[in-house]
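Dock chain one against chain two, each of which comes alone in its own frame, and use the hints as you go.
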Amino acid sequence: MKRRTLLTVLSGVTASVGLSVGTGAFTSVSADRRLEVQTAGDNNALLKLKQLGDGKRSIESGSPEEVEFSFPGLQERLDNPHLGLGVDSVYEFDRDTKQSAESVPNEGLLRIENYGNQSVEVYSKHETDSELEIELYDVADPDETALRDDSPKLGVGDSIDVGFRIRTFGADIGTFDETLTIMAD
Amino acid sequence: MERRKFIAGLGSLTAAGAAGIGTGAFSSVSADRAVAVTNADDSDALLALDAKASLANSAYADDSGNAISIDLNNDDLNGASTNGAAKGVNSDATTKILEIFEVKNQGTQNVFVYVDPDDITPQSVGDDGSAPIYIDPQASDLPNQTSYVGSALSLTSVWLTDAEIDEHGRDEFPGEAGYYEPEDLTLAPGQSFSFGLYIDHDGTNDWTGTVTLPITASAEHAATNLGSSE
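Chains as they are written, first to last, in the numbering used here: chain A, 1 to 185; chain B, 1001 to 1230.
One or more hints might be untrue.
[Claimed, not checked] Derived CB-CB ranges, DEER-like: (1) A:E131 / B:A1056: 36 to 42 Å; (2) B:D1044 / A:D32: 16 to 22 Å; (3) B:T1038 / A:K125: 48 to 54 Å; (4) B:N1066 / A:E131: 55 to 61 Å; (5) A:S70 / B:N1066: 50 to 56 Å; (6) A:T179 / B:K1052: 36 to 42 Å; (7) A:R34 / B:A1053: 19 to 25 Å; (8) A:R148 / B:G1169: 35 to 41 Å.
No wet-lab data here; the hints were simulated from the structure. The beta-carbon is built from N, C-alpha and C at its ideal position, and this holds for glycine as well.
Chain B with its partners taken away, still in its complex shape (with noise of 0.2 Å):
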């Protein structure tokens, strides 16, 4: 829910400023305005996350509510109903989970769009690297794709570590994109991407939690020439 109001809260900012240069000073100004705001639900909002059937593991989504999220735990897991099914990903392995929900950009504006691994929760499942697992959200099927074509990308690696910067002589996001460039994981209106997962499990200690990956959606940041796309 603080997502949409964070959204709206956006644009009006420029409204607000519109109206205080064409009306004279004044200290303070209180006007009701009725307001009509639609919320939809994941698979039909502007940013639409949807978990399409045709997708190859659509299953781990749940799209039962209004926001969608992914189960690989026990209860949720796939095939549950079967015996002796998987009650969770490997452990002391790597686990790639592509194609798990569609992401459209239903705007009318190009963006692009990144996860920001400071604001994945908990921190120890991303580069900081105390927990036994590490968990980094990724994208396939990249309509605009020009960079490692034939892999997903990391939704994450437009930021990197200053001995990143230093190594491969790229600058992080906002500057340059990272490893990628900007039409990488730019979305023009209509296009979409697969949402995947990379899950690295390092063996030591059983692993169970809730992650919060915050999928964004930049039109500031968008490549604006998209060359032979559609």
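Chain A extracted, bound-state conformation (with noise of 0.2 Å):
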């Protein structure tokens, strides 16, 4: 503090020197800028993840919420314990559970969200050892291309509904943890 006191009584002089010679030079500055940070669930973010469906395919659950899928559903799990889906086979779950036996299904498992200032692409990513591909693909898109095939733009405010894609391929009898990346950019 001793030292800034200092400084602070002799700075006067080169300010003075500075503005009398009018050059803007300066040797260094530092110069120390606040930034606030909170982060958010992701009901709550700058990147919206909401899960569609009360089937219990998707859950949001922990602290920072995260919504979490499971396929089958922890409902079908329960009430088949032996349920899973086949090996070498290409699933779609495109709605949870109970979606379908309503007259007018609501379609999607995931909504993103951009709540962001800019326009985003949005698409997944999916890193694992086992052999499994997870994908994610536009619910309201008849070719239900891959997000990660053709990135549909997010303007600021837009959402995207979107359901799941499996490939079993190779894959071993199992529970599998994967983690899938959404990725906005």
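Dropping the structure here:
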């Protein structure tokens, strides 16, 4: 603190010299600037991730709150513990379990919503040691093109509802904990 | 406010020294002189920090006061007036927010701009790694960039750990510019780059806090030959 006081007193001399000469030269500047940061759960974040449907293929839990998915859904597994995806197959899940009983089913398992300031392209990345392949697709797209192959652009405030496509070629029987990365850039 | 005192202070030492040489021996002199100091808002400072509306993410900057700040929290996050607006950055995610404000050299010399990771507070959000969040300031739209062209550069990466020095055969600042070249982060008079952030949260616990980032510009370490720059 004392050092700064001393410097302050001396400093005036330079400042006045600088002004009289009319130059804007400076040797060094260090400016402390404040940044306030808060993290938010999936439902309140800049890239909002909202689970759709209440059939327990997706749940939101934890703190911070995160969405998780289960195929088959948790309720399906409770009803039949032996249930699973067949191997050497392609599965597409475009809605939660109960929705098929509805007259107008809600499509999509996950809504991805852009609450940032810029348009972003959205896609998924899946890295795994297993043989499984997991990708997202736009449930409103008749071709069900994977997001990673043709990334849709989300404007500010726009959202997209996606389903899951899971390929099980060459995979073993068992339960796999996989991580899907959702990219927006 | 302390920043401005500090800047002014650097120059005055020279003045005092010069006086000493010219006047012979004395124990102490006290001479009162009139001094004119003009402080400016950040956007008009010698190192100007300006959240221009043309920048993609200037909405995250708060330039209502004299010193600019960045708000990525509940009260001020953009879109707060719309339903379901975001309350924070994603947890368990890597968020990159570039182009928040412009850093412009309004002085008369080339300056090298960096952020010393040891001076970021709290230290837990930096390399120390004890917080669930890691925050690293970024520079994009650099006018003299020769390294990793097309990518934003970390303003702290002019410092390296011992392991990084061994692994990459690079010396840290100020011997070398760490991973970069001096010209990468040098601004000639009138030149500017865009300041942004890289925020990585590991998902373990929510994190809320205030971080202080020391943005430093030094003429001493600036590249002098900027080649094709204007």
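Quick rundown of the hints versus the structure:
1. Between A:E131 and B:A1056 the beta carbons are some 40 Å apart, a value that agrees with the proposed interval 36 to 42 Å.
2. One distance hint, 16 to 22 Å for the beta-carbon pair B:D1044 and A:D32, holds here, with the actual separation near 18 Å.
3. Between B:T1038 and A:K125 the Cβ separation comes to about 52 Å, which falls inside the hinted range of 48 to 54 Å.
4. A hinted range of 55 to 61 Å for the beta carbons of B:N1066 and A:E131 is consistent with their spacing of about 59 Å.
5. One distance hint, 50 to 56 Å for the beta-carbon pair A:S70 and B:N1066, holds here, with the actual separation near 53 Å.
6. Judged by the Cβ atoms, the range 36 to 42 Å given for A:T179 and B:K1052 holds: they are separated by roughly 38 Å.
7. Remark: the range hint 19 to 25 Å for A:R34 to B:A1053 is upheld by a beta-carbon distance near 21 Å.
8. The supplied range of 35 to 41 Å is met by A:R148 and B:G1169, whose beta-carbon atoms lie about 36 Å from each other.
Hint compliance for this structure: every hint is met.
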